[in-house]
Structure formats: C-alpha cells, structure tokens
Amino acid sequence: MPAAIEFHRVTKTFGSVAALTDLDFVAPTGSVTVLLGPNGAGKTTTVRLTTGALKADGGSVRVLGLDPADDDEGLRVRSRCGVVPPKPAFYDQLTGWENLEFATRIFDAEPEAARRAARRFGIDHALDQEVGGYSTGMRTRLALARAVVHDPEILLLDEPTAGLDPESSRAVLELIAELAGRGRTIVMCTHLLHEAEGIADQVVLMDGGTARAAGHPDELAARYMPDPVVVFDAEDRERLDVVATLPGVRAVERNGGPVHVTFTDLGVLPDVVADLVRRGVRLTRVEPLVPTLEELYFRMQRTHREEAP
Amino acid sequence: MRWRHVRAVAAADLRRLLKSRDYLVPLTILAGIFFVAVPGVMLPLIGAAERSPVMAQVGEIIGTLPESVRANIAGDTPAVRTAYAFAVYLLAPIAIVVPLTIAAAVGANTIVGERERGTGEFLAHSPLTVGEIYTGKLLASLVPGYVATAVGFGLYSLIVNLTVGRSLGAWFFPTTGWWFLIVWVVPPFIAIALGIILRLSARVRSAAAAQQASTLVTLPVIVASYAIASGLVFSPATSALLVGTVAWIVAALVLRSGARAVRRERLLGVAADT
Numbered sequence: 465m466p467a468a469i470e471f472h473r474v475t476k477t478f479g480s481v482a483a484l485t486d487l488d489f490v491a492p493t494g495s496v497t498v499l500l501g502p503n504g505a506g507k508t509t510t511v512r513l514t515t516g517a518l519k520a521d522g523g524s525v526r527v528l529g530l531d532p533a534d535d536d537e538g539l540r541v542r543s544r545c546g547v548v549p550p551k552p553a554f555y556d557q558l559t560g561w562e563n564l565e566f567a568t569r570i571f572d573a574e575p576e577a578a579r580r581a582a583r584r585f586g587i588d589h590a591l592d593q594e595v596g597g598y599s600t601g602m603r604t605r606l607a608l609a610r611a612v613v614h615d616p617e618i619l620l621l622d623e624p625t626a627g628l629d630p631e632s633s634r635a636v637l638e639l640i641a642e643l644a645g646r647g648r649t650i651v652m653c654t655h656l657l658h659e660a661e662g663i664a665d666q667v668v669l670m671d672g673g674t675a676r677a678a679g680h681p682d683e684l685a686a687r688y689m690p691d692p693v694v695v696f697d698a699e700d701r702e703r704l705d706v707v708a709t710l711p712g713v714r715a716v717e718r719n720g721g722p723v724h725v726t727f728t729d730l731g732v733l734p735d736v737v738a739d740l741v742r743r744g745v746r747l748t749r750v751e752p753l754v755p756t757l758e759e760l761y762f763r764m765q766r767t768h769r770e771e772a773p
Numbered sequence: 025m026r027w028r029h030v031r032a033v034a035a036a037d038l039r040r041l042l043k044s045r046d047y048l049v050p051l052t053i054l055a056g057i058f059f060v061a062v063p064g065v066m067l068p069l070i071g072a073a074e075r076s077p078v079m080a081q082v083g084e085i086i087g088t089l090p091e092s093v094r095a096n097i098a099g100d101t102p103a104v105r106t107a108y109a110f111a112v113y114l115l116a117p118i119a120i121v122v123p124l125t126i127a128a129a130v131g132a133n134t135i136v137g138e139r140e141r142g143t144g145e146f147l148a149h150s151p152l153t154v155g156e157i158y159t160g161k162l163l164a165s166l167v168p169g170y171v172a173t174a175v176g177f178g179l180y181s182l183i184v185n186l187t188v189g190r191s192l193g194a195w196f197f198p199t200t201g202w203w204f205l206i207v208w209v210v211p212p213f214i215a216i217a218l219g220i221i222l223r224l225s226a227r228v229r230s231a232a233a234a235q236q237a238s239t240l241v242t243l244p245v246i247v248a249s250y251a252i253a254s255g256l257v258f259s260p261a262t263s264a265l266l267v268g269t270v271a272w273i274v275a276a277l278v279l280r281s282g283a284r285a286v287r288r289e290r291l292l293g294v295a296a297d298t
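Line order of the protein sequences matches chains A and B.
Numbered according to the working numbering, the first sequence spans residues 465 to 773.
Numbered according to the working numbering, the second sequence spans residues 25 to 298.
For reference, chain B alone in the conformation it holds in the complex:
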C-alpha cells in the first residue's frame, strides 16, 4: 500500500466535497436542525413550561420508564427532569443519525458516484492498486462522518449544558454513556454503513440506491444509543464497550467484504451485475 496514493485519492474526494454546495448545504442544514435548532428551541421551552399540563403528562410518561432509567434522570423539578430526559434519551439518539447520514451520502457519492460520473474510468486505467483506491475513498467517507460526530455533539453538548445544565447547577453532557457512544460506538456504525454501501456498489447502479440501503444501519444505532445512554441492560460503560466491540467486529467484516466488491471493471461500470 503506497500511502501517498491513498492520500491523493482521499484528498481529491474531500476537496471535491468541500466544493460541492449541493452536498454541503443540505447536510449542514440537517446537522444544524438536529444538533442546534431542535435542542436550542425545545430545551428552553421545556424549562419554561413548569406549570403546563403537558409537563405533567410528560412527567407521567417518564414515570413509566424502567427504574434503572428513572434513577439516572437528574433534576429537582418535573421540568428539569423532563428536559434532562429529552436531552439524554430522546434528542441525542435521534441526532446520532446525522453523522451516519452524512457518511452514507459522502460514501455513496465518492464510491458509487465514480461510476455514475464516468470518473471511475480514469482510476481503472491508473497505476493505483484496488486497495489504494478503496482505502482512499474509505478515508474520504469516514472523515466527514467523524467530523460531523465531533463537531455536532460538541455543539449539542454546549446547548444542553447552557440550558438544562444551568438548571442542574452543573454541566453534565456528554454523560458517561454518551462519551462511550461518541468515541467507541458511533465510529464503527459509520464504518458499517460505508461497508454496506461498498458491498452494494456491486449490485446497485446509482449512488442514491446505495445510500438508501445503508440507512438500514440507522435503526440499530438509535436503539443501541438509547440502551447504552439509559443503562437499560448494563451500566452505560459496560453496554457501550460490549456494543462497540461487536460493532467494530461487524464493521471489520463488512469493510472486508466491501473491499472485495471494488474491482477495476466495476469502476468502468461494465460489470455492475456480475
């Protein structure tokens, strides 16, 4: 593996992505909605709705949660407890789909898109090995997903701590479970989504189809993040370690399978169905 070639492939894709407004703008809006707008609007509203009848209903719903989950919900008043529950168990697990969506969109564009645009022909005739092409494109797809995770949850943490944390008297997010999720669990799920795209690149003809199929990863990651953050089964750290380890193993297998799907003739688009 010649890393200068891998870097060249990854750099070209990232440079292209940074110049693609049709990709950057919707993905930035998506991230902005889930990481900034929704928590930025909802959490202060919940905090201000202490006497609202809705708050009592939400409080009742929280009361139905398992004891292990309820024990982890901090706050002295129903409004603070509700805001805490929203921040940790509702909004964050939904926001986790953003990095997955971004990685899937970029991955589908960089890998399957080569065939759609016809740019794969240049790579097919080039002295790059298939492994160098694959690794370069994988890096170019992983980086935006990981950057979105870091920046997105950084902003999310800031908003949560400035709103709910102020009522609690301390900054609390990311909680232990969420630290593990962000650092140990989300990355392999991003890798799994990309592996699926690569594997499917041999079967589907469009980047959009590959991207849609990769969203199958979204549901398991939401369930896993809820279970880990709430400590539903084990403690957050233990469950995150378990889920993350399994996810990394699955990611390694899926990526290995995806690597076999990248072939020169497929870059040419002449053997998509073979």
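Bound-form chain A, shown alone:
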C-alpha cells in the first residue's frame, strides 16, 4: 500500500523543549495507525505537523505525496484531512448546525454532507441547540461530524475519547472502525491502551518525541514477546512454585494472581502439565496467553529501558 503519511527524521522544538526527535513513521493508505504513548510523547505535535499547522524544524514530512509545510501544497493537504483535536472547541454561542455549516463553507462541502455527518455520529437531534449547552460526548460527536463533512482521505483523531463515558467511547471507536472499513486512512493518538485493541493495523509506540517501535500488534508481539507464555492457575497457587524448576521453562512471573510461565518451546507444555498433576497440583487453568496491547506496551517500555545506555 502506498504511504498516506511519511515522517522521516522529523524534529520539532518549542524553545528549549524538544517535542519530536528524529521521528520516523509511515501510515499506509487505508490503514488505522495508533500513536500510543504517555502524555508529552509528541503525539499532538505529530498531528499538527501532519496538516502543516506546525512546521518541522528538521526532517521531512510528506502527506499524500505533498509537503504540508508548503503554502500551496499545505492547503491541498488540509483540504483532504479531517482533524478531531483532543479538546474540541466550537463557537459556543452558535448552534451545532451553525458550527457545521461554517465547516462546510470552509471546506467547500455541501450542507447536505453536514446533515449526513451529523446523522452518522448521532448528533442530528441536537443541531438546533447552542453548543455551549452540549455535554462532552455531544461535543466529541459534533467534532467527529465536523471533521468528515468534506469526506477527508485522512482522519486525524487526537485522544478522541478523552472525557467520554464508556458507552460513548465505544460508540466513537466503532465509528472509527466503520470509517476505516470505508478505506479512509486513520491516525489515532491515545494513551489508553485498550482503545487501540482490535482497530489498529499499526501501533507506533511513542515516547520522548520519538517512535520506539512500530508495527502490527502481532508483529510487535512476535518481536517483544517471542517466547510463548501460558497462564497457569491452581486451587493452591503456592504449589505452582515448582513450575520454575521444570525443563523447558524460561521464566515465571507471578503478581498475586495466576502465574505467567514463559516457555522456550511450547512443545514441552504437555510434559509440564503431566509433571504438575503427578506432583498433586490441582490445575484450574492452563491457557496460552494472547498478549494484550497493554502487556505489549509495558514489555516494549521495559525492553527499551533495559537497552538504553
């Protein structure tokens, strides 16, 4: 797939603070890329550089083959991007419809497109109300509708579920998945690991203004958690201590709950189970671990800390 967004060794500083340092990442066309990282990792700056709202100090940014920092090319980039900022702001004295209508005029879109977008995001019932009276969830839905009135090729979502209740968050994530299904390129910033689960084609782990790792969650799992992990539990968990001494077991991790056992080879698992049963351990759970993004994230963090000079 051709790249919709390419960052190559991009740097950006604000005064003495380095927001981005040699950031590299590529978002393929039609993919969902999740920029994952703690606050201050440089995610919002990345979004702002993508549209050309900010200009990089160094390196190269290409979006849809264009340079967003260039005056003319930047206008073409911005007309093909939709952005949902972390705290969507509107003209609060105007109604939802007036805010959407303003967006259609700026993006040269048809007013009917605004109505369709409002319906799609379930905010059409409140378009006659002033936005100042909207709840956080309604504002986010309106921001999503505003971001797609011109049917953008790239959708940049910066913490789109911040401050939302779980139900609204889920609705937003489902809508993102729907847009991705329609072939739009989506970049979503989040520090909430569970949000990226299931919708990410690519995860870019950002920290300190740079990409620590990038790839499909399965690739990252293979890279950072290459050895198979099996979850063991027993009626008497104390008796699981013995598993660390069995052949084929590389590591045992226990945090008060079920034991996570890392094997050198999953082929020894039947022997380990048989050995435990022979020793009188009454097993209640033996289950291969499919690493969650959260586990992956912390494993990657730990790996990079260990590798740091």
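Distance condition first, Cα-Cα at most 25 Å in a straight line; then the derived DMTMM-like pairs of lysine to aspartate or glutamate:
1) A/519 with B/289
2) A/551 with B/140
3) B/43 with A/556
4) A/551 with A/615
5) B/43 with A/592
6) A/551 with B/289
7) B/43 with A/562
8) A/519 with B/140
9) A/519 with A/671
10) A/551 with A/592
11) A/519 with A/534
12) B/43 with A/594
13) A/519 with A/537
14) A/519 with A/486
15) A/519 with A/535
16) A/551 with A/631
17) A/519 with A/617
18) A/519 with A/488
19) A/551 with A/661
20) A/551 with A/638
21) A/551 with A/629
22) B/43 with A/588
23) A/551 with B/46
24) A/551 with A/642
25) A/551 with A/562
26) A/551 with A/588
27) A/519 with A/531
Simulated from the structure, these hints should not be mistaken for lab results.
Given chain A's structure and the hints, the job is docking chain B onto it.
Relative to chain A, chain B alone:
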C-alpha cells in the same frame, strides 16, 4: 484570496457576536450613555439654565478659548452658545471613543479570543489561507465599529439638533468638521486600533490585555477630533483631510504589520512568545 472563505469567517464571527449578550449588552449600554443619555440630559439642562451662575462661569471659560474656536460657536445667548460648545467640542469628541472601544473589544475577542477559546485549532488545520483568516476577522471587527459610528452619531445628531438646533433655528450637526471626522478620520483610527490588537496578539496571552493596549489610540483620536472640529489649526475640512490621510497611512502600515503576526502556530497557541 477566496472571498467566499473570507465571508464565511467574517459571517461566523458576526453571527457569534450578535448572539453574545455578555458583549452586546455592555457595549450597547456604553453607546447609549455617550450617544443618547448624556447629550439627551445635559443639552436640555444647559438650555434651561439661562440665569444660572454656573452658566456665567461656563461662558467665561468659553471666552478663554482661541479666537478661531470662539468664532465658530453659534448662538445668541450664553446658554445656547454653551450648549453648542458642549455638543460640538466636548461631548462629541468624548463619544468618539465608543466606536473605538467597540471595535477593540470585538477585535480582541475574534482574533486573540480564538486562541483563548481553543477554536483557533480548527482554523489552523483548515484549508483557509492565513490571509483569508486575517481578512475575515478584520472585516468582522471593522463592521461593528463602523456601524456604531454611523448609528451612534446618527442618534447623537438627532438629539443635538432637536435640542440645541431648535434654539438656533436650524439643524447644524454634524458640522463640516464632524462630517469629515465621521467619514474620513474615525475609520482609520478604528483600523489602527485593530492593527495594534493584531500586532499584540503575538505578544499577549489574553483578549483583555490586547484590548487594553489598543486603548492607546483613544487619546490621539480625542485630541484630533477636538482640533478638527474646532478648526484650531486649519479649517475643519483641511485638518480633517490631513489627519485622516496620515491616519490611513498609519492604519495601512499597522494592519500590514498585524497581518504578519497571524500565523497558524499562533492560532494553536503554541508560539505566543516567539
């Protein structure tokens, strides 16, 4: 420059202003006080105070004015002459601060306020050029100032002519000097005030700070209006043409400088001090 985009920016700001009671009410009260209440109360009182000792004192003060100014004060009696002097030389130059204040308040809100409210982020990511954003916001800020000038001085003229003009036997306001002031001099001063706000928008963090700084324009415009209306230096028409021309040149320079201050990163609020 795509004018449909400029109109969209200006229309959104004006629509928002018309719905903002917290802005409209105080500004309307301010205009009402200076253009309607003060002349509506003071001028009839002066006319009715023919035998008051205060009137004699005011008459003495008028007598100390330069000959060129005294020659322009119409009226047969001290009370009428005093009311005329108040209407043309005292109240009107003070009322001229109203359109400036309104333009400054609206300008600060529409331009610096974008950053305060966070709405600048949407504009920064939009396909509008910086020039379109700037021009749209400038228009939205100029219109209320000019409307306030036209409507305010229209009402002021009506009150002055119905009170003092009746005693003089003719409607006299706006005088020649005031016509020039309203049409040729006040508009560039409004533009200068907005240019200052735009220029300062890069330096200050709040709309209130930008608005306060723009009030620096107020004093020169009061002095200029007094000098022009009274014909203190040249005839009212000549001095208005001179002052207005200089003011338009300054306005063009200040607005050009202000245009350079509008940048996308400043709409985001990340580079206010750079």
